[in-house]
Amino acid sequence: MTHMIQLHTFHGGIHPAENKSQSNGTPIRTAPLASELVLPFQQHIGAPAAPCVEVGARVLKGQVIANPQGFVSLPVHAPTSGIVVAIENRAIPHVSGLEEPCIVLRPDGQDEWIAHQSLCAELGVDDITDIEPAQLVHQIRMAGIAGMGGAGFPSAVKLSVKRDEQGQSPIDTLILNGAECEPYITSDDMLMRERAAEVVRGAQILLYILGAKRCLIGVEDNKPEAIAALNAALVQLHEEHHIDVVKIPTKYPSGGEKQLIRILTGLEVPSGGIPAQIGIVCQNVASAAAVHRAVDIGEPLISRITTVTGDAIKHPGNWEVALGTPASHLLQLAGYQPQKQPRVIMGGPMMGFTLPSVDMPLVKTSNCLLAPTAKELPLNDMAMACIRCGMCTEACPVELLPQQLYWFSRSEEFDKAEQHNLFDCIECGACSYVCPSQIPLVQYYRHAKGSIREERAAQKKAEQARERFERRQARQEREAAEKEAKRKARAEAAANSQSAKPAPAAAPTVAASASAPAAAATSETLEKLQKQLTATQTAIAKTKEKLAEAQAALAAGDESQATKITALESGLEKSQTKMKDLAKDIAAEKKALKAAPPAAASTAEGTDKGDPNSPERLKRKWETAQGRLDAAQSRLAEAREQGLDTVAALEEGVRKQQERVDEAKAAWQQAESGAAAPVSTAVAVTESATDKGDPNSPERLKRKWETAQGRLDAAQSRLTEAREQGLDTVAALEEGVRKQQERVNEAKAAWEQASGAQPAATDTPAATVAALAPAVAPAAAEADIAALRSKVLAAQDRVNKAQERLDMAREQNLPTVDALASGVAKQQEKLDQLQQQLAAVTSTAGTH
Amino acid sequence: MALLTLTSPHAHGRNSTSRVMMTVTLATVPGLLVTTALFGFGTLVNVVLAVVVAMLAEALVLRIRQRPLGFFLKDYSALLTGVLLGLALPPLAPWWVTVVATAFAIVFGKQLYGGMGNNPFNPAMLGYALVLVSFPVQMTTNWAVSSQMADQPLAGLLDAITTIFSGSGADAFTGATPLDTYKHLISNSTAVELQKLPTFNGWMAGGWEWVNIAYLVGGLFLVYRRIITWHIPVAMLAALSLCSIVLGWDPDMYTPVSLHLFTGATMLGAFFIATDPVSAATTPRGKLIYGAGVGILVYVIRTWGAYPDAVAFGVLLMNLAAPFIDAYTQPRTYGHEKARRGLTSKEAR
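Chains as they are written, first to last, in full-length UniProt numbering: chain B, 1 to 848; chain Y, 1 to 349.
Treat the hints with care, since some could be wrong.
Ranges between beta-carbon positions, derived for each pair [stated by the list, open to error]:
#1 B/27 x Y/22: 42 to 50 Å
#2 Y/69 x B/94: 53 to 61 Å
#3 B/213 x Y/114: 56 to 64 Å
#4 B/380 x Y/114: 45 to 53 Å
#5 Y/4 x B/729: 34 to 42 Å
Quick caveat, the hints were computed from the structure, so don't treat them as lab data. No experiment lies behind these values; they were computed from the predicted model shown. We put the beta carbon where it would ideally sit given N, CA and C, even for glycine.
Whole structure, please, built from the sequences with the hints as guidance.
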């Protein structure tokens with residue numbers, strides 16, 4: 001069924017001598033196998049494949065010898081049966097003569113196929129329409145099919161289209177590119193002539209996979225035989241189809257994907273976008289034939305048709321050649337006669353590249369070997385000055401201003417070049433072709449593009465380094481702030497207990513022994529009063545200072561100070577009265593608290609000070625260890641994300657910490673289960689009196705609340721981190737935080753209720769004991785605690801400093817890393833010891 | 001075997017800069033022939049003189065700049081500059097006017113800017129403007145008169161050489177140009193009266209129209225050969241016509257559109273001078289703006305300025321604007337919604 005297709009045109013374009021008749025006069029010949037095939041891991045755009053055979057192994061024709069790595073990657077197959085003789089770096093077909101890993105295969109001449117069959121037979125279905133498109137795409141991918149027109153983009157990637165909920169495909173049109181606009185090349189022409197049915201069958205499979213409405217096969221009108229063959233193949237279909245062969249005017253570069261799309265549909269691929277965005281998928285005709293073979297026969301892509309032509313070739317023509325065949329082999333077959341200045345171009349004269357050596361293998365994209373004489377394709381004369389004639393602008397198929405781009409590229413004004421859409425240049429060479437001054441324009445654009453890409457990469461790297469640095473700084477600041485907050489909290493607690501001590505001096509009527517319980521009970525009012533007292537005392541001291549200054553000034557003859565002194569004196573008096581009032585209030589408050597009998601002292605001593613293996617202690621240990629583990633893990637995750645080289649060290653740390661956590665947990669669980677029996681009576685009494693007996697005691701409730709609060713804090717910090725890094729766990733964490741907040745609120749409310757009810761319960765002896773148990777915080781231990789705390793802080797600082805030095809050394813790869821690491825470990829050990837001591841002491845003082 | 005490594009494209013069109021310059025030079029031949037036939041040999045002598053001076057000046061500066069002589073002389077750009085100046089100058093102007101104009105054009109107008117391709121101004125017009133401003137008498141009174149004017153003889157080759165190199169006998173062959181005459185006389189006569197003057201020869205412009213038609217033919221040949229595009233000439237001629245029709249519709253007061261188009265250097269300017277690629281705008285839309293600008297300036301200067309003709313000034317003024325025009329008239333590139341405008345600095349982005 002042929003439709004009238006409204007043809008469009010693209011701007012510019014050129015008509016170079018076609019030179020196709022040299023090679024399209026003879027049928028496709030099959031090239032005999034070379035003695036050695038070299039198969040690069042990467043014959044496509046994307047990630048190179050990874051070899052899955054070993055040197056010495058015998059492989060069969062069509063066997064996978066390298067597996068794809070990632071989505072945009074393809075496998076490599078053995079083009080014939082033989083022995084893998086080497087896996088090593090070989091020069092790949094690239095203008096630089098770059099060496100890349102290749103599998104070297106020595107054919108055994110048997111050409112023995114691996115078992116293969118059509119996908120329908122394999123799946124036991126009658127027709128490809130019974131197969132899921134995704135399955136077909138997988139088959140095409142595993143057949144190693146890459147765009148055979150030149151770029152070599154994996155076909156499967158283009159075919160992986162996402163359908164909407166109704167199963168509608170976003171692709172409207174499949175375009176098969178049979179334009180072959182480059183001069184000299186006739187491989188697609190010959191393929192279409194001789195294997196039109198394969199192309200058409202490939203088109204049918206592709207149409208089904210894509211769910212596209214129609215297929216347009218664009219062929220330049222200089223290939224009437226190919227067009228006739230394709231139309232004949234369409235007639236043979238005997239069924240309804242939506243495939244049209246469209247004859248397009250011969251003009252270079254109409255075979256460029258973007259140009260062909262414009263010619264056939266009038267649409268333009270958005271700059272920087274892909275054809276799928278406008279509902280189009282474009283495939284080369286040879287790729288379509290390969291799709292047919294992959295699906296209907298089960299053959300992977302292991303050979304291709306390559307044109308060998310040029311005046312330095314005696315017998316130009318097209319050969320079906322095994323991938324990996326060295327160019328020299330094919331050149332020899334075709335009767336290559338090296339010239340005085342030998343030149344072999346892989347690809348066409350417009351966009352092909354010169355091979356640095358003829359040893360390079362032919363790959364999936366090698367459509368042509370062109371060996372021209374100097375007369376045929378003269379070497380460029382010396383470039384003359386650009387006269388801005390604008391012929392390049394006339395020729396440019398993407399409507400750039402090549403001449404402006406040239407000036408900007410030449411003067412390295414890359415930002416201006418970019419503004420003139422440098423990156424829309426398809427490097428077709430039309431501008432260079434028409435340039436009367438013979439300026440190698442495309443070379444300038446390549447240089448500019450390369451420089452800009454390098455610049456961008458460098459910028460990105462710098463940006464990443466900056467971000468990493470900022471994150472590290474933020475983490476350090478956060479840690480410092482946390483440390484500071486902890487230190488403040490401890491200092492405040494210490495100050496509170498300290499400020500309770502001098503109280504006896506101010507109010508000598510209160511017994512020293514009673515002061516401790518009073519402080520420990522920390523009546524809120526008392527605390528407030530004490531704070532006010534301190535503030536007032538400071539104010540008084542300051543006022544006194546000012547007064548002294550003013551008096552000195554007055555003595556020196558400054559009359560103006562007199563009024564000031566009066567004001568200061570009255571202020572001072574007021575402050576002093578206030579202080580006295582406060583002292584009185586404090587005394588009264590303390591008296592009220594003093595009512596508590598000092599009996600509990602002995603009980604308290606029996607709590608858990610003497611037993612480091614109490615479940616409480618063990619549990620705390622476990623929790624601490626767990627906390628450290630969490631921190632270590634988050635640090636590890638951060639390091640992994642940023643690809644730091646401390647990952648290994650951190651992993652080791654996490655592993656060790658995990659062990660410690662496990663140990664601590666096990667110890668606690670053991671103690672918890674066996675706790676009741678072995679503990680001393682005193683402990684038992686205390687515990688039953690304090691919180692074990694009464695799960696609703698304010699102490700228990702408070703601890704519950706505190707634990708909940710701790711968990712909330714942890715959850716929140718994890719949430720913040722997740723948000724910072726934009727992880728997708730944010731939502732889950734938010735939910736967690738919300739729930740934990742609820743729990744905290746509940747626990748807090750419970751505790752508040754319980755402690756509010758406390759005074760009422762003071763009468764009952766048991767409750768009294770409970771209330772006073774904490775009061776036994778031994779005054780003697782306080783000094784120890786304070787001293788230990790400061791030691792711990794100092795040790796912590798040392799550890800941090802050592803760690804930072806270590807980090808720095810690691811970053812700069814200094815040889816001192818090991819020494820510093822052991823230093824950190826030692827410091828950490830000391831810190832751990834100190835912390836344990838502190839924990840021991842504080843738990844004695846504050847567990848209640 | 002070591003192979004040649006080169007970058008694509010490997011095929012190259014047969015065009016070359018020398019070919020472009022030569023084609024343009026050849027396209028002036030009809031104009032030169034008609035001028036010689038109708039106005040005598042003065043212009044031909046001028047062209048030869050200017051070409052010799054241009055090549056010598058070019059060679060001299062290239063030698064001083066230590067550039068390969070043969071390579072650059074072979075591009076024929078100096079030759080073309082000489083030809084265009086020779087065609088533009090008054091046919092019987094003294095030799096030293098031609099020498100000064102040509103030497104200045106090559107040395108100052110082109111080489112001191114960096115040579116071929118780097119000159120912001122059209123070198124020929126720069127030389128022309130210099131002598132027009134410096135030697136106004138020689139530049140306005142040495143125009144040969146047409147053979148179609150019966151009462152004056154046509155300058156033969158010898159006459160022309162004698163006049164140009166000795167300065168004697170110029171009066172016999174010279175007179176004011178039709179543009180000049182019309183501009184000065186229309187204020188106290190009518191169009192019909194002026195048509196009867198020998199300068200206009202009863203029809204249009206006493207031979208000038210044939211010269212302009214010859215240049216038009218040559219110009220169309222250049223467009224056909226794709227050496228130049230239609231944009232600049234069409235825009236310039238259209239702008240000039242439009243101005244003339246809208247602003248100077250009354251032939252009893254202003255020079256009519258026919259005279260604007262077919263006398264003076266209009267066609268030479270439109271196809272050969274304003275289209276000088278180096279100094280003109282290069283984007284397709286930019287060329288339209290540039291050409292229109294030249295056309296408007298030519299009309300304005302011809303009508304209200306002190307000079308009888310204005311192609312040189314019109315072109316030079318628009319040369320100044322060309323880079324700016326180019327920056328704001330980039331075409332819409334494939335795949336882009338719309339064209340970019342202007343150049344923003346890196347900081348502004």
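Structure-based check of each hint:
Between residue 27 of chain B and residue 22 of chain Y, the C-beta spacing of about 47 Å keeps the proposed range 42 to 50 Å intact. Between residue 69 of chain Y and residue 94 of chain B the C-beta distance comes to about 41 Å, which lies outside the given range of 53 to 61 Å. A hinted range of 56 to 64 Å for the beta carbons of residue 213 of chain B and residue 114 of chain Y is consistent with their spacing of about 58 Å. For the pair residue 380 of chain B and residue 114 of chain Y, the beta carbons lie near 22 Å from each other, so the given range of 45 to 53 Å is not met.
At about 58 Å, the beta-carbon gap between residue 4 of chain Y and residue 729 of chain B misses the expected band of 34 to 42 Å.
Hint compliance for this structure: hints 2, 4, 5 are not met, and every other hint is.
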